[in-house]
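One-letter residues, chain by chain:
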Amino acid sequence: MTTDRTLRGKAAVVGVAETEYYKWGRSPDPEFKLAIAAVLGACANAGIDPADVDGFSSYSNDRSDASRLSAALGCKQLSFASMQWGGGGGGGSGAVANAAAAIATGQAECVVVFRALAQGQFGRFGQGPRSRMVSGTAAHTLPYGLMSAAHSFAMKVNRFMHDHGVKQEALRAISLASYAHAQQNPRAVMHGRPLDEAAYDASRWIVEPFHLFDCCQENDGAAAMVLVSAERAKDFDHNPCYVLAAVSGSQHRAGAPVHNTPEYASSGFTTVAPRLYRMAQLGPSDVDVLQSYENFTGGVMMSIVEHGFCSAEEVNDFLTLENLSAPSGTLPLNTSGGNLAECYMHGLGLNIEAVRQIWGESTCQVPNAEVAMVGSGPMVTPVSSCIFGSEATL
Amino acid sequence: MSMTPYLRPGLAKPAPSRDGLDTAFWEGLQQEKLLLQRCNGCNRWQWGPEWVCHRCHSFDLRYEETAAEGIIYSHERIWHPVHPALAEQGPYVVVLVELPHADGVRIVGNLVGDPHQPLVIGAAVHAVFEHHLDDDPVHTLLQWAVS
Ligand SMILES: [Zn+2]
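As they're listed, the protein sequences go chains X and A.
Mapping the first sequence onto the numbering used here, position 211 (from 1) lands on 1422, and the numbers just tick up by one.
Mapping the second sequence onto the numbering used here, position 114 (from 1) lands on 473, and the numbers just tick up by one.
Hints are computed from structural coordinates only; laboratory data are not their basis.
Remember, it's a predicted structure, so these values are computed and weren't measured experimentally.
There's no promise every hint is true.
[To be verified] If we take Cβ atoms under 10 Å as the criterion, some of the chain X residues that face chain A in the derived model are: (1) Y1355; (2) L1423; (3) N1471; (4) L1493; (5) S1496; (6) F1529.
Backbone N, C-alpha and C define an ideal beta-carbon position, used for all residues, glycine too.
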């Protein structure tokens, strides 16, 4: 059935950039300045005047307000300002979807998707709240010492590993692949800090089944990408990188309070992935390279299953360093180093890396990459995914 | 049965929600009763606390006592302290307990006993009420022990 109700091929990424990436608290610049620098960088990368940007799309309650950005950058007008609901990195591809939708429906001409974080300025993610009292939903978890993202998600992963016999080595392979790829990427915070099996095995537990190296970093920096319509994209220097699909969402009652979501042992993609493939008119075997959000490796493992790259029962055989390594693995994963080893920019770096793969500009380039997928923010709600493709995929 | 606190003091203390949504739950724990929401429209149990039944959309939810026993649906042994109060705690265990007597709704607590004990999905557990009656606010935590 043909339908106009699709984003397939309607918008394209024409510029990307990131600031220098720092360990958390190390940025010499405040968060808003980082955001501006990333947007200016992405515009320069595209070869577009920042004054012509007329839309901003972000997620996770980004503090760099679209109107302030538009004013600071001297944009001629603001046509679109969108914030994807939900915390963590679940909106990384959702923000791309919102930007592409605005362009496809004529609401805006040139939309910047961005994320900026300065945790030294605004506090860290990985710490429990310090208040004396707590009420509401958090009162049913926090007094029991369940108070961080790692705590919220480890029980999902434990249940999944129990149900399907997944071994720790599968999680380890994900971590090793990210660290291996980061060694080729000078932007990566963990560049020059290789990881091997012995170091992973010897690393301390954060919360079982997550070792230290199963957990994302906390970082400062900003990242941005510029989208325009498919028609306009041909006028830019880069070969257009088309949005073939971008969707967000979650399962039935994914937000049921106090860990009562029916589909508990899940990354949250079981309804999202089928919609993604339907829009892209592609399947998992068409994907040349995958960027899959690592808040924790266990989320990547479940995301890979729920996007159909292997079954839950095949995880132990499929998730090996060899299979996940660029350039020649079956499914090269997180080829910039990802959130574990490049930078935790709430996953927007993963979208940028997917674009660079389509452009042939990755530091761990997969030969002839035509289709690059991003999975954003497993285990939160809503999550999101997108697929980028080259001209040949249209 | 009461118990000494499982975790070291200093974490945020639970207080009933200002809107009253879960007041009966917290008051019930002080009486060593597990009261959860049950719908007067369709008679099904629901948790965590919410203003409407997600099945029949009735606003008429009551708090009713259910057996304080269940099975471990999932678990986690936490090692890294993310709060200063837990700096000297060492590992501790959080369990997600499924309540078969209440349509399988789930509730979060600690699994008391040796933090290094084997953690088994499907294991039967029963409630242990951890009273903090001299605290401000007064409260009781619902903990779990392997049966
Ligand atoms: Zn009902």
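Right, here's what the structure says about each hint:
no.	hint	verdict
1	Y1355	5 Å, holds
2	L1423	8 Å, holds
3	N1471	5 Å, holds
4	L1493	34 Å, violated
5	S1496	32 Å, violated
6	F1529	23 Å, violated
The structure fails to meet hints 4, 5, 6 from the earlier list, while all remaining hints are met.
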